[in-house]
Structure formats: C-alpha cells, structure tokens
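Using the sequences plus the hints, can you model the full thing?
Each chain is listed here by its residues.
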Amino acid sequence: MLLRGLFNQSKEIEFFSFSNLLSYISLGAILVSITLFFILGLNYGIDFRGGTMFMVSSSENIRVSDVRNTLSSSNLGDVSISQATNPLETLSAGTLTSTDNIFIIKVEKTEGQNIETKVKALLLNKLPDIKFLQIESVGSKVSSELIRNGVLAVLFAVISVLVYIWLRFEWQFALGAVFALIHDVILTVGVFSILRYEFNLSIIAALLTIIGYSLNDTVVVFDRVRENLRNFKSLPLLKVLNMSINNTLSRTIMTSVTTLLALLALYFLGGDVIRGFTFAMIWGVLVGTYSSIFVAAKILLILDVKRNWDEKDSKAGTQF
Amino acid sequence: MPQLSFFRILFIALVCFSSLLFASPNFFYSTVDKKLNNSTQTSSWPDFLPSNLVKLGLDLRGGVYMLLEVKTDDVIREKFDFLWTDVRSSLVKKRKKLGSIRRIDTSGDQLKIEIGNPENIDFAIKEIDKFNSSTELFSSRWSGSVQKGILKISSLENMITITFSDEQKRTLEKQVIEQSLEIIRRRVDETGTREPTIQRQGRKRVLVQVPGLGSSEELISLLGKTAKLTFNEVVSIDSNSNVPAKLDEIVVGSEQNNELFYLLKKRPVVSGENLTNAQPSFDENGLPAVSFNFNPSAALKFGKYTKDNIGSPFAIVLDDVVISAPTIRSHIPGGSGIITGNFSVEESNRLAILLRSGALPAEIEVLELRTIGPELGRDSINAGKLAALVGGLLVLTFMWLSYGLFGIFANVALILNIILVMALLSILGATLTLPGIAGIVLTIGMAVDANVLVFERIKEEIKKNSTIYNSIKIGYEKALSSIVDANVTTMIAAIILFFFGSGPIKGFSVTLGLGIITSVFTALLITRLFIDLYILFYKPKVLRV
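Residue numbers (my numbering), protein chains in the order written: chain P, 31 to 350; chain W, 12 to 556.
These are computed hints drawn from the structure, not numbers from a lab.
Some hints could be false.
No farther apart than 27 Å at their CA atoms in a straight line, the calculated lysine-lysine pairs in the DSS-like style are these [as the list claims (entries may be wrong)]:
#	chain 1	residue 1	chain 2	residue 2
1	P	Lys269	W	Lys474
2	P	Lys171	W	Lys489
3	P	Lys41	W	Lys489
The following block contains the structure:
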C-alpha cells in the first residue's frame, strides 16, 4: 500500500533537543493570547452579547451597502451587516440556489417582537423578494447566563480531568495534562481574538471537544510513559519520555490525520452555520497534538516523576 | 490459535443485525415519515419493520424556539396592591383611634403602612391579623388558594410591615408558573401546529418549541398578550393623560381614540378570571364582537353594580387599554354580556381564544427567540449529509492505504459504528441537530483511534518477532489501557456538555457520547472478530499491518 510504512521510521526523533525553544514559544503564545483577549476582546455572537440576528437571502443582486442604507436611518442601535458565503455554492440539491445572496444582519437591541417586525418591514419594503432564513434574538439576561455557563463548563471539564488523571496516574501527570489543556484553550481563544471570528455557544462546545481530544492524545502518550517507566527503570526520564513519544508517534499522527480529514470535509461542505465550530476544532486538533508532546511531556520532565514504582505501591493508579 | 465461541459470534451478529434493523427507517426518511403522519395514505414501508425515526432538531426542520420568563414578582406586587386596598378600607373605619393611614414604599414584595397614632399600633396589627384568620376578607381578585396565616406582620414604632411567609411565596410562584404553563399550552394548541413542546425550565421559565412554524409573529401575538380582562368603574373621561389620579385610581388610554383617557377605579368590579365562556359573535349592528358569561358569584356582583350605577359609563379594560366604555342602560342580572369595539372578525376570534384560554397570571418576557426557516433546515441537512459522506470516504480511503487489509477490517467496523449510532439515536428518541451531525462526522474521524491504537501495538509486537497470534493477543491487551483512558476523558467532555449545553449543543454531546461508546465496542469486538476469523481461515504466514 502507498502509505504503509510511512511512519515506520527506524531512527528515533529527539523531541527534547529543541523543547526549550518551543517552551518559550508556547509561553509567548499564551501571553500574546491573553493580552489580545484583554485588548481586542472577542467578537461575541448574539448568544453572549445579546441582540437580534437575521439571516436573509435575496435572489436580487444587492450589496451590503444597500442593506445598510435601508436600516441605517431607523433607530435600531448598533447594526452590523455581513455577507455570508452561500452554503450551497457547492451543492446542487437544496431549495436555495447558488445565485442567492445571503446576508447576516445583527442588531444590538432585542425588545422582543418590535425589532423583528420593524426590521422585517423595512427590508421587505426595499427588497420585496427577501427571504428570512433564520432569526435569533437573545436577551441580555440569558446572554449573561450563557457566558457564565460556558465558563463554568470549561472550568468543570478541566477540574474533572485533573481528578481523573490524578487517580489513574500520578499528580505530575495530572498537572502536565492540565497545563496542556489550558495551553490549548487559551491559544484557541487567542486565535478567535485575532481573526475576529464570531465567538458563540458552538465555540464553547468546540473548546470542550478540544479538551477531550487533546487529553485523548496526552493520555495515550502518558500511558506509554508509565509503561516504559516500569520496563526501563534505570533509563533517565528524558530518554523514557522521548522513547514513549516516538512509540506513540505513528498513532498520534494517524488519529490526527483521520480526525482532520473528517473536519476538513465539514469545514468546506458543512455550511456556514457550523463553520466557526469546525474551524475551532481544526485548530484545536493541531494545537492539541502539539501540546500533548511539547507541553504535557515537557512539564512531566520539569516536575520529575517518582521512579520507584513498586507493584505494592497501589497509589500508582489502576492498571487495566 | 484464536478461540471462536459460538456465544461471541452470536452476540456480535445480533447487535449488528438489530442495529441495522433499527437504523433502517432513517435511510428511507420520507417514506417512513409519511407512514407515521398520514395514516390515511398508504405507505410502502412494511409494517413488520421498526419505524422509529431520528427526531430532527429545530435547526434541521425549521421552527420556532422560545424561552419565556414568567414575571412572578409582578404577581406578588399585585397581590400586595390588592391587599392594601382591602386593609385600608378596614383600617379607615378605625381612623379615630389610629390617626392617618398611609402606605409607603409601594415597590417591592412587601406592604409598609404608617399610622398616625403609634400608641395604638397593636390595635392596628390586630385588625390586619383578621385577614390572617379569615379567608373571606380577601377580594375576589385573589385567585388561588388562600390559607390561614399566610401573612407575616411585624412593626417598628409607627410602621407596620406585611410580608408573605417564604413558603407562601414559593407556593404562589409555583401556582403562577403552572397556571401560565397551562395557558401557554392551550394557546399554542389553538394555532394547530404539530407536536409543540412546552416545558418548564428552571424556576420561572418556560421553553416553547414549535417545529414547522415559519414565523414567530403569530405565536407571539398569541403568547405576548396577558389577556387580562377587567371591568372597572369610570371616574372621569379626559383628553389629557396627566389627570391627577388618587391612590386607588388609574389613568388608562383608549384603544379606539388616541386622545381619550379614562380615569378608572384601580380595583375592578369583576375580572376575566370569573369568565366561564367567551365566543366570537356580532353586536346588534352586525359588527364583530365577543360574548361572554360570568360565573355565579361574579354575575351577582356584576348585577348589583349595574343596578346601582344605571346611567354612568363603565370600562372594559384589556391589558391596560380600554376597549370600550358603554353606558349602563339597565340592570344586567344574568351574568352574560358582550364586548364591542373596533374589531375585525379575526381580532374578535383571537380575543375569544385569549379570554377562553384564560388570562396569563403574569406578564411573560421573551428571553430568547430563535426562528429557523424550513429552507435553511433542509439545506443544513443536505450540507451535513454531504460532509459526512465525503469525510467518511476520506477516512476510509486513508485507513485502507495505511493498514491494507486491517484497514478494511477497521473500515467495516467504522461503517457499522455509524449505523449503531443511528440505531441508538432512533431507539432513544434523541434529537439530531446540526451540531449533532458534526458530532457524528467527528466520531468518524475519532472512531478509528481505538483501532489505530491496537494496530500500532500489533505492529510493535510483530517487530519483536512474536508469533502471529501472540502479536494480536498482546497488541489488544496492551492497547486496552490507552483505549480506556483516551475514551473516558473524551466522555467526560461529552457529559459536561450534555449538562451545561442547551438545544443544539446538547445534540452534539449526545452523538459524541454515543459515538465514543460504539467506537470502543466496534474496535474491541467487531474488528477483533474479523482479525480472528482471518487468522483462523486464511492462516497467514506473515502479518502485514
């Protein structure tokens, strides 16, 4: 087969020879992300900011400026309009045609039905063939709860993971894994801050999935580290870590590639509604793969693991 | 040599067969859907096959999602307003002893009364406490059960503070929510939509989901109205809204004339809660109107009032707007009447529905409103299907290229995995959302992980020159620990998402979670079976993974 033996490298890669440099890069990226978060903030969707969103389509050749002019005169608060890429440009089936222009209009205010009726009337008046595909309105009370729940969910996930790994491994492993997770989450938030992609509920879902995925990777490496620590009791920790990463490397790459293949299909074909989510996931898989090797293992190296693992020492966790 | 027990093969075959059976209706969605929803039409879907379909979420089929909050605080405040008028009228009679009586701080969930002669405050408390022992003292507006001892009365110098006991407040809140839920259900049912979901959420919230509805406007015009109907005494009519109103009076605008304002007695003579029926009808001039009937006790009150006030106007107020203010021409004893106004036939119809379903006990606020047009839903399904198909093919090809024959084993397991997820979704009646489809596609990518872990281990064992069977056995044994850890951690994320997520996100956590379970099952049992069969029947000399 074509790809067979692609990863059957005979030589071990020395992962830790440039790990100091990478640690600084990771730390720098974390600092930059945090700074960006506080300076630029995030482009919150209406889930978190509150407001009303209209997704409309028109077969007429209208431009963003036309829509803006129609709505600018009326007292709607902050209005933002963007043209979405048509999810159907690549599809032949479906009720919308590829010539339809799709716009996303966001209005600051909610006030229930009034805003909806007002905007609908204004748009229908100017552009009679306009179709309303989706209207979402989130009040400030709910949006602040959604933010709180999102933050809680991410925190709760990180803590549960910390506890799980602590029970299954040693505390050094738990800290390493959790640092890797925090690294991934902060970098994802940073990317959303730079690229100004909309940060909404589905991105929180993506963050939690990234936590799950990144951990998946880290745990596989750690599992091998634990096994090798038992088998090679006299080998220095650095060597054991490097050996373990090399042992699991082909699996790490295989799984990342299959997951990325599925995600890329979703990104290009799954439509606009989940594109933000898929983008976050693709980024998360890349960063998560990196962090399980260069962050989690590096922290394990720094913290130094206790080596006298006896069979009697049941604190070492349950082996399946 | 591998052991092939009959039980093992039977179990796997049974799972595969039944999952195929239960997933099958989804591949003929429109045929089965027709059978389920049009009993009159004959459908080609056979009766002996299961017909459980995966429920499609609102984001895939279109519809309206609404999160409402019932303003229960308003009800409690209103109760105190009524209590105040009751208490005042009883205290005023003892004015000589008590001095001036004044309500201070009208906001909030308490009633504060200041009296002129603080030395007689105990007497005043005794008077107020009578309300605590006799339920008859409460006005008819006091709906719901009134128990004894619901008021907590305390005093400080010349101030009396009346509050509800916590228990009473909770029961009141519960009553209001349950009543609202019932009324919302009745009103949504009047729209004639298919399978609406109306659920209580949290303490004060109601979630309404109506699939297939293209616009929320009709729904809101039905739910947004409290439909609180009252009949009030008219004090005066003015063209100015700044009429000085006394404490027990209120200025209300007119629906028919923007420049007309009514000064009304705050406390209604009778209210819509006492209606037993309301029907659209026509008045003597043939114009649309709504006719109604009172229950006996209200009929008595109404009869007495009309008898005493012949010749004076009388206001019919709906949601704080005067609909009409006819002059009482004669004593109306029977407890029935007719509301006229500038109604169209539709409006009189809607008003009759609103009055019949009852007034909402409190105003409701729309916190979250999501309307998804059916076109977008259909397109999302198509996009999701295509992405799943292409993503699946890419992964299948990649696995085949990487692992050859073993890759094909993994691929068959992957396809079975997807069928298993669909079958479980159908059996559980779970809702498939667009993020849910994303969860399935993600599962496609991640499901091969368990197989990859095993295959890589087997490769290592082969390098160590183990025998073919031992490589496989040890490969599976050694990979198990990693497989468990890796999947438990992802499962943790899925479970947290399930509890914290709402709507579509919950759908994602369900497919992700199911995908994890099925992928472990297929990797550990199904792929293993294929490999064992291969070794048993082909007896390969070299294992190429």
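Hint by hint, here is what the structure shows:
no. : hint                : result
1   : P:Lys269 x W:Lys474 : 21 Å, holds
2   : P:Lys171 x W:Lys489 : 51 Å, violated
3   : P:Lys41 x W:Lys489  : 23 Å, holds
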